[in-house]
Amino acid sequence: MCPSPQGKPLPSCPIPPTPLRLSFGPSGPLILSLPMSQVRVRFAPSPTGFFHIGSARTALFNWLYARHTGGKFILRIEDTDKERNSEAFLQVILDSMHWLGMDWDEGPSVGGEYGPYFQSQRTELYQAKLKELAAKGRAYEKDGAWWLRLEGARSTVFDDHLKKEIEKVDAAPMVLHDMVRGQVARAEDRDFVLFRSNGEPVFHFVNVVDDIEMKITHVIRGEDHLSNTSKHLEIFKAFGVEPPKYAHIPLILKTDGPGKMSKRDKGALIEEYQQRRYLPAAVRNYLCLLGWTPADGKEVLPIDEIIRQFEISAVHQSNARFDERKMSHINAQTLRLLPAADFATLARPILIETKTIDASVSETRLAEVLGIVQEKVISLEHLPEFMGFFFTADFKKDEGAMANLKKKGGDPVARIRELLPTLEAAEWTEPALEAAFAAVGTANERKPTDYFAPARFAISGQGGGAHLLGVLRVLGRDTTLARLKAFAA
RNA sequence: GCCCCCUUCGUCUAGCCCGGUCCAGGACACCUCGUUUUCACUGAGGUAACUGGGGUUCGAAUCCCCAAGGGGGCGCCA
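For what it's worth, this note's numbering labels the leading residue of the first sequence as 149, then goes sequentially.
Derived from the structure by calculation, the hints contain no laboratory data.
Any given hint could turn out to be false.
[Stated by the list, open to error] Pairs of lysine-lysine residues, derived as BS3-like cross-links and limited to a Cα-Cα distance of at most 25 Å, are as follows:
{"no.": "1", "residue 1": "K524", "residue 2": "K474"}
{"no.": "2", "residue 1": "K633", "residue 2": "K595"}
{"no.": "3", "residue 1": "K411", "residue 2": "K474"}
{"no.": "4", "residue 1": "K446", "residue 2": "K524"}
{"no.": "5", "residue 1": "K393", "residue 2": "K363"}
{"no.": "6", "residue 1": "K408", "residue 2": "K474"}
{"no.": "7", "residue 1": "K554", "residue 2": "K633"}
{"no.": "8", "residue 1": "K363", "residue 2": "K284"}
{"no.": "9", "residue 1": "K284", "residue 2": "K316"}
{"no.": "10", "residue 1": "K290", "residue 2": "K316"}
{"no.": "11", "residue 1": "K279", "residue 2": "K290"}
Small disclaimer: the values here were computed from a predicted structure and weren't measured.
Using the sequences and the hints, build the whole thing.
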């Protein structure tokens with residue numbers, strides 16, 4: 149069955165069925181896919197800048213589609229513009245893709261039977277393909293460059309936008325059956341350049357040639373390419389080759405202000421989230437939600453589940469604004485769902501790097517602290533300040549919290565003095581400590597909670613944090629009492 | 001200027017294809033109250049949207065037309 153898109157024309161079923169997966173017991177799974185339906189998608193970045201969040205999302209949708217259908221995900225580097233490319237820029241892309249957990253089946257460092265996967269190494273192919281078009285009369289030389297010859301009646305007109313005389317061609321519209329937009333028709337009206345006069349091929353040409361040569365079946369790319377697609381379809385037509393299926397996905401817009409996210413916008417670069425200790429799974433999860441909604445309506449979900457549910461037909465048609473607060477929320481949720489051992493593995497190096505702990509802190513001790521902290525902390529970035537007081541007496545004191553204490557509870561020092569004797573006599577378990585607070589409250593005709601905030605501030609310098617009784621238990625009797633005494637002194 | 005795409009709470013969206021179940025549901029943010037205590041956890045509640053105008057229809061967020069707004073493209077950049 150065709151997955152049914154909402155409110156979109158569906159000219160023909162553009163989505164190949166998911167390959168049949170049949171298990172045959174211990175001899176191993178056997179995947180039967182229909183011969184014609186092996187999906188081949190590609191992400192084709194140009195290493196001319198940084199790894200932009202929009203590029204990451206495009207890569208992700210391609211990757212998800214490949215994984216969902218059991219197809220191949222190909223990474224192809226479009227480095228035809230020598231002026232603007234560099235090794236370092238390429239590395240940024242590869243690193244960010246690895247960080248986000250996207251692996252490729254063919255491409256740099258893994259190879260593949262349709263390589264090389266760098267366009268700068270495929271120039272002979274492009275020359276040969278150009279000759280092919282020239283031989284067919286569909287490409288011609290002018291001003292030292294090679295142009296695609298459109299088919300249709302020609303006329304010379306003055307173009308207001310370009311402010312010059314141009315030759316227009318009355319070519320038939322190219323009709324695209326886009327998987328997310330339905331039928332889109334657009335006519336090219338001018339011949340366009342295939343090869344520059346400096347001998348280098350242009351994007352439109354190499355993109356199509358490589359998609360043909362690499363047997364790409366589906367092109368999933370940003371909507372900013374939608375208008376270019378008529379050029380690409382003209383080139384496919386000139387070669388006499390059936391074009392792949394296209395899916396033009398919506399763009400990611402700036403959080404506020406006009407236009408799409410650009411390299412210079414805050415939060416536009418994947419490496420920023422890496423530096424800020426975001427969980428890659430959370431960033432990836434959020435990116436999936438920009439332009440697509442899982443059928444079950446859940447927002448925080450594991451990648452296996454996203455792969456299972458991902459459908460191109462469910463991709464949105466309208467652009468979405470980037471909202472870091474929502475991503476931050478997903479990050480916090482994801483952090484909370486992490487198994488304790490994984491949380492510790494992530495936390496330890498950060499805590500060592502920030503000198504919150506040193507290497508001598510045992511796994512057991514760290515696990516104890518992290519155990520009460522994980523459910524409350526909202527990001528790994530904030531972890532050091534959140535739990536630093538467990539490992540040093542020289543912790544930072546939050547002045548705002550102190551001011552708030554005085555405003556709400558009166559005299560915090562007096563409260564600690566009232567609390568101290570009972571606490572010293574108490575057994576150091578959570579129920580016993582809770583009982584101690586209750587007893588002090590009753591004795592002084594106060595609510596037990598009047599003592600919580602002063603106690604927390606005295607031992608941590610903070611106004612909030614992990615569950616207080618847990619903090620007392622983990623911090624230990626001696627340290628806790630010493631800090632309370634110091635505070636009351 | 002020409003061409004293409006889009007239009008539901010401040011934001012991300014569900015619903016739209018197959019009109020009534022929607023005085024439009026969820027999430028983020030915000031506000032209120034609660035909670036073993038400021039902010040970040042958690043619980044309960046709240047504010048908040050079908051861009052506008054015409055049709056079609058007993059009935060339209062849902063179908064049609066127009067307009068407006070937003071986005072993108074129009075390079076010997078990718």
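Consistency of the hints with the structure:
no. : hint           : verdict
1   : K524 with K474 : holds (17 Å)
2   : K633 with K595 : holds (22 Å)
3   : K411 with K474 : holds (20 Å)
4   : K446 with K524 : holds (22 Å)
5   : K393 with K363 : holds (12 Å)
6   : K408 with K474 : holds (18 Å)
7   : K554 with K633 : holds (19 Å)
8   : K363 with K284 : holds (22 Å)
9   : K284 with K316 : holds (21 Å)
10  : K290 with K316 : holds (16 Å)
11  : K279 with K290 : holds (15 Å)
Checked against the numbered hints above, the structure breaks none of them.
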